[in-house]
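Peer 1: Line order of the protein sequences matches chains S and D.
Going by the numbering used here, the first sequence runs without a break in its numbering and finishes at 327.
Going by the numbering used here, the second sequence runs without a break in its numbering and finishes at 267.
Bear in mind the hints are in silico, worked out from the structure with no lab data behind them.
Backbone N, C-alpha and C fix where the C-beta goes; we use that ideal spot for every residue, glycine too.
Treat the hints with care, since some could be wrong.
[As the list claims (entries may be wrong)] If the Cβ cut is set under 8 Å, some of the chain S residues that face chain D in the computed set are:
#1 F16
#2 H78
#3 W92
#4 L99
#5 R100
#6 L104
#7 Q111
#8 D115
#9 I116
#10 D120
#11 V128
#12 Y129
Spelled out from the first residue to the last, the chains are:
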Amino acid sequence: MAISPAVDIHDLHKTFVVPEREGGMRAALASLVRRRKQEVKAVDGISFVLSPGEIVGFLGPNGAGKTTTLKMLSGLLHPTAGTVTVLGYVPWERDRGFLRRITLVMGQRNQLVWDIPPIDSFELNRAVYRVPAAEYRRTLDELTELLELGPLLKKPVRNLSLGERMKCEVAAALLHRPQVVFLDEPTIGLDVTMQRRIRGFISEHNRRHGATVLLTSHYMADVEALCRRVIVIHHGRLLFDGDLAKLVERFTSHKTIVVSLGDCGADLSPYGEVVSCTDGDVTLRVPKSETARVTGRLLADLPVMDLTVEDPPIEEVIDRVFREELS
Amino acid sequence: MRGLAGIYAQQFKVTMASFIQYRAALVIWLIGHVLEPLIYLVVWSTVSRSAGGSVGGFTAADFAAYFIVLMIVNHMTYTWIMYEYEYRVRQGTLSPDLLRPVHPIHSDIADNLTSKLITLPGMLVIAVSLGFIFRPALHTVLWAIAAFIPVVLLAFAVRFVIEWTLALAAFWTIRTSALNQMYFMAMLFFSGQIAPLELLPHPLRVIAFVLPFRWTIGFPTELLLGRLTPTQTLTGMGMQAAWLAAGLVLMRVVWRAGLKVYSAVGA
Numbered sequence: 001m002a003i004s005p006a007v008d009i010h011d012l013h014k015t016f017v018v019p020e021r022e023g024g025m026r027a028a029l030a031s032l033v034r035r036r037k038q039e040v041k042a043v044d045g046i047s048f049v050l051s052p053g054e055i056v057g058f059l060g061p062n063g064a065g066k067t068t069t070l071k072m073l074s075g076l077l078h079p080t081a082g083t084v085t086v087l088g089y090v091p092w093e094r095d096r097g098f099l100r101r102i103t104l105v106m107g108q109r110n111q112l113v114w115d116i117p118p119i120d121s122f123e124l125n126r127a128v129y130r131v132p133a134a135e136y137r138r139t140l141d142e143l144t145e146l147l148e149l150g151p152l153l154k155k156p157v158r159n160l161s162l163g164e165r166m167k168c169e170v171a172a173a174l175l176h177r178p179q180v181v182f183l184d185e186p187t188i189g190l191d192v193t194m195q196r197r198i199r200g201f202i203s204e205h206n207r208r209h210g211a212t213v214l215l216t217s218h219y220m221a222d223v224e225a226l227c228r229r230v231i232v233i234h235h236g237r238l239l240f241d242g243d244l245a246k247l248v249e250r251f252t253s254h255k256t257i258v259v260s261l262g263d264c265g266a267d268l269s270p271y272g273e274v275v276s277c278t279d280g281d282v283t284l285r286v287p288k289s290e291t292a293r294v295t296g297r298l299l300a301d302l303p304v305m306d307l308t309v310e311d312p313p314i315e316e317v318i319d320r321v322f323r324e325e326l327s
Numbered sequence: 001m002r003g004l005a006g007i008y009a010q011q012f013k014v015t016m017a018s019f020i021q022y023r024a025a026l027v028i029w030l031i032g033h034v035l036e037p038l039i040y041l042v043v044w045s046t047v048s049r050s051a052g053g054s055v056g057g058f059t060a061a062d063f064a065a066y067f068i069v070l071m072i073v074n075h076m077t078y079t080w081i082m083y084e085y086e087y088r089v090r091q092g093t094l095s096p097d098l099l100r101p102v103h104p105i106h107s108d109i110a111d112n113l114t115s116k117l118i119t120l121p122g123m124l125v126i127a128v129s130l131g132f133i134f135r136p137a138l139h140t141v142l143w144a145i146a147a148f149i150p151v152v153l154l155a156f157a158v159r160f161v162i163e164w165t166l167a168l169a170a171f172w173t174i175r176t177s178a179l180n181q182m183y184f185m186a187m188l189f190f191s192g193q194i195a196p197l198e199l200l201p202h203p204l205r206v207i208a209f210v211l212p213f214r215w216t217i218g219f220p221t222e223l224l225l226g227r228l229t230p231t232q233t234l235t236g237m238g239m240q241a242a243w244l245a246a247g248l249v250l251m252r253v254v255w256r257a258g259l260k261v262y263s264a265v266g267a
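With the rest of the complex left out, here is chain D (with noise of 0.2 Å):
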């Protein structure tokens, strides 16, 4: 376990300064991450104006709140491995890191957590600066928030495990573009990105309840907006736990057959 945590001390060290080479870069991308929610954010604030000040519950005050607090879950819980895997399988340059006496997903797991850290503060003035332009309303709780920071630690465990094993994909077939982009179209509806969930229709809500993309994202979200009551909130931590403990299993399974596919065909 402590030679574990140095692997990661130093790992830190090496993405930090490898992030910092990259400041465009790293504005670019949080760009990214705003403006999606912000297109969602205007459009649905319109939407309730002029549907006579609210859209199934929600004001525009409401949808600001849920979009900016959804873009800074998001940034939390998001991962670009899919988008890596097949460069690091075609390009041959899993190789190296599977020498290497430790598993390849822990440097994963480093790189994601520390480019988060650099780029949250950003984030978090983003928000605070929207929060002005938007006037959100807030009516979280005490208890909501206390609960938000194993909530979404959990929501980025879930997202990292079935992204780290969706990406996987790439063993078997190098182009995972189609599969990416299917699991990218379903995230978006499922997960609460395009609209709270609670405007969908029942059946809808009801599969988006047995997915995992809710508990990535809208879950937390509705959280911290104070819109869930206790008994909601520890059945979906419940469901977090079910589909935290399904991925890991599932990712055993396919690093495995992966390996031994990988080791087969010329690594």
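For reference, chain S alone in the conformation it holds in the complex (with noise of 0.2 Å):
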């Protein structure tokens, strides 16, 4: 038998109307009498099946549509057409035994109380999701460790840091151990070693107890640890679905190199494509198979203080993604 999938989107549509005017005063009065709208296809067909168990990165642009989706796949905004089942259930039914399955983080919103420990704020979690007490310890203790929590769990939510509060806000999200985990941007505005932490969690995580997890993250480095498989989307339009190693060979032809002379004087454009010159720190772009070659002869023959070799950001690759039209 086969086994049925965690999340099985199929046609998927959302559409905003959203009013819109002109600036100015007249426009602004005549919108009093007569608004304009607009329609907004935030989610344009999108289809895709996630087996239990897998991590898998969701990607695009900002407004691409992914937060609308993992919306949608948690049941609180409701589709225009198309269909949807998580666990079995339709998300925005909103069926209790649903809701004890999943979770959301999202980097802005927090259900963590602010005034209190999050210790508080858990004990409050336990008996929403009625979890049982010696799961509870257990999920608990094992969160505590992986996440280090143990000296936060006292001291008021406002008087943690942005990355304390995450990793409050991860933990709290996951002390009913769901099967489901909807994540957007969970590493937004954490520092490496914060970031390394959360993403180290998330593979724990699902690695213990099996947890199907849809990701999103600005960061390559998030991804590139967690998923092997990504589903890249733009304009509300899935553009790729597969290996991740595949999306990034076959997008990332490119190295940026960040080479630090001191001055802009030097013609670099023999080494690569000269991008910019900014303070002294002359931006390369270089064939991949290139990158060892050309940094080789910039270090033996320029008076090189600082040299960097990077990716090309996300929005890169995912924009090549889109450029190239592969669907």
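With the hints as a guide, dock the two chains, each given alone in a separate frame, to form the complex.
Peer 2: Right, here's the structure in full:
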């Protein structure tokens, strides 16, 4: 018998109707009488299936429709058309059984009570999700260990740093051991150490409990560390669904080299495509296969103070996917 | 049911802990709740004295008793939910609540009851102190005191359900303050907050009888003061039950419709 999918989306659409008007007094007065409205297709016919236990990266530039999709998957938004099932439930019917088995972590929204220590909010979640006492203790110990929450649990939330708060948010969202986890930018605004810790934790949670994870992030490192498979959307349409390795290999054919020389006098065009030069830092774009050779030559030929090699930012990769119109 | 009791117990602890963080705010809130009836008390006592001892059968001591009891009843049935919903919808803080496997109204009820429990002792001390200053005339009877308990609970339930339902207007318009203002003006006038309803002209008294406001504040106050007969009390409780039933039906309908709007335009 085939395993039923954890998430199954078919031809999903979401159209928002938003008021619009020109700037200025005249347009403002006119809008009192007659409001002009515009339809915005946030999600425009996407389909995909997630198997139980998969961690999938959900990528796209700002406004691509990622959050809208996550909201439809978690039952906060009603789609305009299409079908969605998550663990066999229709999300927007908001069945309690469904809500007990999922979680949605959004960077900006919090479920921790601001004025009291996180441990009190955790206790409230234990009651709300009806987690048996023994299981709650086990999970809490596990979360405390993995996320190093010990010293944070008894401080009021408002006294925690952004990173500390995010760790507690993630812990609060996972106390009931949801089978499906939707993460919307879980590492936004965090420093590298904290990002790595959250990342490690998500992967550990997936391994221990077999949870299905759908994750959006603007940090390529998150996606590379966690997801074998990625789904890329843009303008609400699905552009790529497959192995991350293939996506990166195919669409990051170039690397970016930043060379600090102290001034912008030297002509570096023989080494690669000069993208910019600011304050003596020259940014070069070179083919991936040439990176090692060009780096060696730069170090040998020029008085280099510093040099870094980077993958192009995720937006650029996605942009490339979009431009090449792969579907 | 046991699950819900557990949630209430935890919510109680959370609210208690949050409120204790803001002791100064609690005191200011309490002062606000005392000042308004105190102003009416002083105004009406002065009017009755200058009118030769009484207005419509109310002496200065009667007014003192009326407004002190009214202050306690108002405190016990008060909600602040109408101010909150606009923020919740506009800022999207309702969304995390909707992701929980429990109706969001439960945390509001628990929140409200907890804050009442915390502030009620302070309120009673203030009421007793005001009693020493204004010498109220209390003619209460034992059965009225016994009946007051279910009556004030029903009053709280009616007010809570109605205000929670009205608060949901935030789903349709994010500028709810105009509606709130209208509601509070009607409440002030028809609940007996500004003056005992017995002093109103007959047609207005009829309107007050039909509307829900009196049953949430004026009625429990009149009962505790011993101004009602057993028949009037039972009639009042019937009106409370009717408004509670109507409110619950309306709340269910509005909540469902509101959620549809919320989930259509962007949660």
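Peer 1: Does each hint hold? Answer for all of them.
Peer 2: Here is how each hint holds up against the structure:
no.	hint	in the structure
1	F16	holds (6 Å)
2	H78	holds (4 Å)
3	W92	holds (6 Å)
4	L99	holds (4 Å)
5	R100	holds (5 Å)
6	L104	holds (6 Å)
7	Q111	holds (4 Å)
8	D115	holds (4 Å)
9	I116	holds (4 Å)
10	D120	holds (5 Å)
11	V128	holds (5 Å)
12	Y129	holds (7 Å)
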